[in-house]
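Protein chains: 2
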Amino acid sequence: MARWQEGAAGRLQGAALRLYAERGYEQTTVAEIASEVGLTARTFFRYFADKREVLFAGSAQLRDGMAAAVAGAPATAGPMAAVSAGLEASLAFLGGDHAHSSARHSVITANAELRERELIKMASLAEAMAEALCRRGVPAADASLAAEAGTVVFRVAFEQWVTGPPDASLPDLMHATLARLTEVTAPR
Amino acid sequence: MARWQEGAAGRLQGAALRLYAERGYEQTTVAEIASEVGLTARTFFRYFADKREVLFAGSAQLRDGMAAAVAGAPATAGPMAAVSAGLEASLAFLGGDHAHSSARHSVITANAELRERELIKMASLAEAMAEALCRRGVPAADASLAAEAGTVVFRVAFEQWVTGPPDASLPDLMHATLARLTEVTAPR
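Sequence lines, in order, name chains V and X. Anchor point for the first sequence: position 98 equals 98 in UniProt numbering, and the numbering is continuous, going up by one each time. Anchor point for the second sequence: position 176 equals 176 in UniProt numbering, and the numbering is continuous, going up by one each time.
Just chain V, same shape as in the assembly (with noise of 0.2 Å):
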């Protein structure tokens, strides 16, 4: 989910990425995903803590970006206008690169251990948020409610993206995911 890197870090992204879609996630090993961009095993784990790991570079930054934009809303934003404000930030880290994104989508739902990984950087993304907004003197259930559902709508937008064509745009699904969750909580 990182952008892109140059040198041996993106290299190294790139080639565990085709190998797991290749070959599968379990059957690849550190050592082959390093052979196969010239590197060695030693090089790998300077870049990344093992296998899975490589696959999730870049969560932290996507995680403090958001939170970081939730903070410098507007002091009259509302959580859910604040929230929205970290969604729009998001972008920066994840629209880049469609193929890349939907691959790395295909091996994560394939594993039930990467999806596992998933959900948890998806609850420290809502986490980062919820905090953030406590700290705007939002109370903690709304804060809850606001980050999580906002993180539902991340989520979702972008799991419309990556199964979807390649041209579509994530920030007008991330917009249109947002408007249809309001649309779809409305008392009726």
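The hints are simulated quantities; they were obtained by calculation from the structure and are not laboratory data. One should not assume that every hint holds.
Calculated cross-link-like contacts (lysine to aspartate or glutamate; reagent style EDC-like; alpha-carbon spacing at most 20 Å) [said to hold, decoys possible]: (1) V:K121 - V:D50; (2) X:K121 - V:D50; (3) V:K121 - X:E113; (4) V:K121 - X:E131; (5) V:K121 - X:E127; (6) V:K121 - V:E159; (7) X:K121 - V:E113; (8) X:K51 - X:E26; (9) X:K121 - V:E127.
Guided by the hints, dock chain X onto chain V, whose structure is given.
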């Protein structure tokens, strides 16, 4: 989170929770849990896969009960009204024993592995309700949004209940949190 069970399974659950709270989850063995109630580890494993699953007994019933309620909501109910029926149904599984639920919550929040398992449980509730909505003809994205938003309400209300005074009403908290979600996500 299971309703208090009579017999060996219930006694094992009670003993596990007591020992996890007193000594810590990591420090407690299955043999200790079993011997606490005069049983053997062998008997423990007849009821529970491991010392983690003793805390998650009843999750499948909760999930299936919520999904069945979504499926059984009146044909005229929109996605969120059907999900509300699911939340309503959860109360039969959860609202019984504040001291038990509260102790379980403390044990889970203190341990990263258990928090992850709880996240997976929440995701499975959302998934089951989303599938039930899809079978009602709700488009996939709306189904995900409504089911996941409902699961957020469930989690936030349940957390308020278990961390609050024992005489608070879980149904009231659930209804108030659902109304609050609508309020928080309303455009402004």
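Evaluated hints:
1. V:K121 - V:D50: holds (16 Å)
2. X:K121 - V:D50: With Cα atoms ~26 Å apart, K121 (chain X) and D50 (chain V) exceed 20 Å; violated.
3. V:K121 - X:E113: holds (14 Å)
4. V:K121 - X:E131: violated (23 Å)
5. V:K121 - X:E127: Judged against 20 Å, a Cα distance of about 18 Å means the pair holds.
6. V:K121 - V:E159: Roughly 15 Å separates the two Cα atoms, so the pair holds.
7. X:K121 - V:E113: Holds. K121 (chain X) to E113 (chain V) sits at ~14 Å (cutoff 20 Å).
8. X:K51 - X:E26: Holds. K51 (chain X) to E26 (chain X) sits at ~9 Å (cutoff 20 Å).
9. X:K121 - V:E127: holds (18 Å)
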